[in-house]
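Let the hints inform the model, and build the full structure from the sequences given.
As given, the protein sequences belong to chains G and D, one line each in that order. Just remember that my numbering sits 37 ahead of the position in the first sequence, which is counted from 1. Just remember that my numbering sits 69 ahead of the position in the second sequence, which is counted from 1.
Treat the hints as calculated values from the structure; they're not laboratory data. Values in this document were obtained by computation on a predicted structure and should not be read as measured data. Careful: at least some of the hints might be erroneous.
To be verified - Here are the simulated SDA-like pairs of lysine to any residue, each with C-alpha atoms no more than 25 Å apart in a straight line:
hint	chain 1	residue 1	chain 2	residue 2
1	G	K56	D	L96
2	G	K56	D	I172
3	G	K56	G	A220
4	D	K202	D	S122
5	G	K56	D	T92
6	D	K202	D	T92
7	G	K56	D	F79
8	D	K202	G	E149
9	G	K56	G	P214
10	D	K202	G	R70
11	D	K202	D	G160
12	D	K202	D	T150
13	G	K56	G	A213
14	D	K202	D	D189
15	D	K202	G	P214
16	D	K202	G	G155
17	G	K56	D	S76
18	D	K202	G	Y113
19	D	K202	G	L72
20	D	K202	D	V148
21	D	K202	G	E69
Unchecked claim - Counterexamples of contact, computed for chain D against chain G with all Cβ distances above 12 Å:
hint	residue
22	A78
23	S147
24	T169
Idealized CB from N, CA, C, for every residue including glycine.
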Amino acid sequence: MIPYVPHHFVDGDNLDMEKINDNLEAIGRDIERSLEARYTYSTITLDIDGVTEASAAVLRAVAIRRPSAGNALEVYAVEVVLYAAGAVVWTLACSDTSWPSITVTAAGATVEAHASGGIPVSVTSAAADLTFTLTPASASTCTRGYIVVHLRVDRGNQGTSHAGHFPALLTSATTAPATSIDAELVSLAAAAARDTTNSVDVRCEMFSTRGLTSGSSVSWALPSGARRILGSVQYVVGAAGSIATGTVTGTGLSGSSAAATATGATVLVATVDAASGSLADEPMDSTDDATVTITVSGGVTAALAALLVFWS
Amino acid sequence: MALVAISSAFTATELRANFDDATALLLTNARAGAKDRHIFFRTAALVSGSDVSLRSTAWTQQDDQEVRMMSIGVTAGSVFTIGATLTVDNGDTLFLVDQTISISHATVNGTNNSRPTSLDLRTTTGTRIRLVKGVRYRLALTNTSGSNTTVCQVTLQMRSVRRRA
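Structure follows, in structure tokens:
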């Protein structure tokens, strides 16, 4: 979209009411077009390698929350990819029971079984998780698998009302044209400002590891791009005392570090961290990378450590 | 620029400044509307000949997004060759406009990555690949050297440009 106005006003010309109206309508249409492109998408993936029917539910689940109350984040679709011996049915159910569960039947240890669900469900809280839990109907071991959660954010609903812009046009009945023009330009500027607010979106990434021993860490290098960090949530499951610390570092980032201390093998513990800073948009230069690291400490292995990172 | 108040007597310049201000802001917003995201796959050991299930990840696109770049990062104890490919999961190459999207990287002893010479599709004159909503794609690693890696990660970066579309 390239915003433009059809008429260019020059001192000395006669002021034409229709030309002003044309310009007001043109910008209104541009704002509408921008609002129509309101959605942005991202994907998080949780590995479920090694999960069995005996695994605690929290080890078979992916959790997600939104970074703040003002973010209109929703799960747009979910996929399950499963490699497991035996024709066992696995069911993925959501903590929001209005979401219809999906099932996938294992087809072999090296044969992919895949199922997906396309019913959106809102991520309603910044303090509590929406979870999707995978459960086998009988004894089964997932030799390899992952849950893919597709997320969508509505930039037109980011805490500031943005229902578009509909200019009040000048007519022959306009008695105070300067006042009316001024009012419309003020309204127009406010609508454009709301459009600026709506450039803020939320995209999520998840990094996870299972069975990481105390004193160990794993890292991911992420090429830089057009995005800035909003915060993160560190999840951990493990025996009491296992500490998972997730950090995101990189040029331009203020640094994000969240540490979550496990309280038991069947409990998912989350710690939220706010962060800020933008990456340089140069993905081919590895010095501009963001580095994500999960470190486990406390002398206890983390059964599951997952870091959810929010970007905009 | 800032909003110029229109009073009982105003000039074309003042009027023009207000319209220009709004269009410039919308253009800035449209440019800021470019959103990047990654699909990545990381394995602790990439073994030659291993089943594709152990060295790939697949997903269904939920929106049209353009491929920007793809790279491999490796921590290895010796020199060998790693490959990465992006394919359409059902084999229909039409959804990659019949292009082969792959990179190859010779490791070194230690940690390094394939950039800056990896696949870079950001230029406006070269091949541009748009992944299509509703199509399932697969990102896979291969090790053709018969050795193991300690850590291997392939990253695909995509950009959404809906506000500028």
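Those earlier numbered hints the structure runs against, lowest number first
2, 6, 12, 15, 20, 22
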